[in-house]
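Undergrad: Below are the chains, spelled out letter by letter.
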Amino acid sequence: MTDAIATDPRRAELEELLPFYANGRISSADKARIEQALAADPELGLRLEIIREDMAETALLNESLGAPSPRALDRLMAGIEAEPRQAPLMVRAKGGMVAWLGQWLAAQPPRRLAYAGAAALAIMVVQGAVLTGLAVRGGGGAFDTASAPTQASERYVLLSFAPEAKASEIAAFFRRYEASVVDGPRANGFFKVRVGDAKLSTAQVDAIAARMKAEAGIVSFVAPAP
Amino acid sequence: MHTESDDDLVKRIASGDRLAMKVLFSRHQVRVYRFVLRLVRDETLAEDVISDVFMDLWRQADRFEARASVATWLLAIARNKAWSLLRKRREAGLDDDYAESIPDDADDPEIVLQKQDKGLAIRSCLERLTPEHREVIDLVYYHETSVEEVARIVGIPENTVKTRLFHARKKLGEILKAAGVDRGWP
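Same order as they appear, the protein sequences are chains S and A. At position 4 of the first sequence (counting the first as 1) the number is 4 in our numbering, and the numbers step up by one without a gap. At position 112 of the second sequence (counting the first as 1) the number is 112 in our numbering, and the numbers step up by one without a gap.
Calculated from the structure, these hints are not laboratory results. Treat the hints with caution; some may be incorrect.
To be verified - List of simulated lysine-lysine pairs, DSS-like, C-alpha gap at most 30 Å:
| id | chain 1 | residue 1 | chain 2 | residue 2 |
| --- | --- | --- | --- | --- |
| 1 | A | LYS11 | S | LYS213 |
| 2 | A | LYS170 | S | LYS31 |
| 3 | A | LYS177 | A | LYS81 |
| 4 | A | LYS11 | S | LYS192 |
| 5 | A | LYS11 | S | LYS31 |
| 6 | A | LYS22 | A | LYS81 |
| 7 | S | LYS166 | S | LYS213 |
| 8 | S | LYS166 | A | LYS171 |
| 9 | S | LYS166 | A | LYS11 |
| 10 | S | LYS199 | S | LYS213 |
As the structure is a prediction and not an experimental result, all values here were calculated from the model.
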């Protein structure tokens, strides 16, 4: 027996959409088309009845399969326990910063790499022009660098907050250390925090960072920063 | 009561939150398990596969793209793992033994028909479809996925989803007809 629907491309196209009409996962435009066709095409209506019957039995069959035993969750949690703790992307890369950079570059599409290369070249040209300008202005006498002053007037730490830290705890933390945020949050969630002026020695900044680090409920990472 | 969305749970998982992992697992484990079990037909193997699926999610949560739903993502990972197992079983020559064992698992459709239970006959014939046809039927009829979602999970073009489902339905009808249930198509 020939399949009258299969030999008519317009009806065949609608017929293939019937299962998605039956499960409700169809666009409103296709739904309207199918409802219009069903009103005029009893054969299509019979196909829909078959689909609904099969759908009900498929659901019954799947429901009869029960659920996984607690072993599945136990196995998963044991696997998670055995995993090293999640770390930021740069730290996670085996082989350190250079390896991470290599992996990151390898993952970029060629067009993006080309744009990045052009941007880097432009920056180098501008830097070169600025440095040359500074040298020329100096008249070839005393040698000036284009970098920041070697003696910073303030002392900083870089820190990130623990996800569970409350806003009130963070506010109290800043008051305790007479600290203030000067930059951040950066893309990796770090803040640059001022902890005092230039009178603080390196050892004193280290000690402040160590005290901050001990407050694990509030901060998850602290390190002295330039 | 506020229910945290799957996307929010995945964000928490990406930061190493184990409780979020347990919540997401309890939310999706049954459906993923049933999808895998219908393919591998072994409860212990299916449980191993779902733990592996969620382990992948734990490792890759920071790479999740919200373009697809979490459920679709999980089914796609589960499908890859289940098919990898099926391929290994096929290569090891275990599939032939396995295929022979299928009639023991399901009642013969003709016998079922004698019991005058059409629903049971359909369920029995659903078991006799190939894994390729079974998965597309399950995804659309039970997991209520769209054409786009099936395409993403199975890794085939959207037009292929529609034609594969058509052939699966037709095959199911043929098996039923051979067992004495004629529904007028095919």
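Undergrad: Hint by hint, note whether the structure agrees.
TA: Evaluated hints:
At most 30 Å may separate the alpha-carbon atoms for a hinted pair to count; LYS11/A and LYS213/S meet this at roughly 25 Å. With a C-alpha separation of about 23 Å, the suggested pairing of LYS170/A with LYS31/S holds against the 30 Å cut-off. Straight-line distance between C-alpha atoms of LYS177/A and LYS81/A comes to about 34 Å, which puts the hinted pair past the 30 Å bound. At roughly 25 Å between alpha-carbon atoms, LYS11/A and LYS192/S fall within 30 Å of each other, so this suggested pair holds.
With a CA separation close to 35 Å, the supplied pair LYS11/A and LYS31/S exceeds the 30 Å bound. A C-alpha spacing of about 21 Å is found between LYS22/A and LYS81/A, which places the hinted pair at or below 30 Å, so the restraint holds. Note on LYS166/S and LYS213/S: the hinted pairing holds, with a Cα-Cα distance of about 16 Å set against a maximum of 30 Å. Pair hint LYS166/S plus LYS171/A does not hold up; C-alpha atoms about 60 Å apart against a cutoff of 30 Å.
As the CA atoms of LYS166/S and LYS11/A are separated by approximately 19 Å, the hinted pair is consistent with the 30 Å bound. For the proposed pair LYS199/S and LYS213/S, the alpha carbon gap of about 22 Å is at most 30 Å, so the pair holds.
In terms of the numbered hints stated before, the structure departs from hints 3, 5, 8, listed from lowest to highest.
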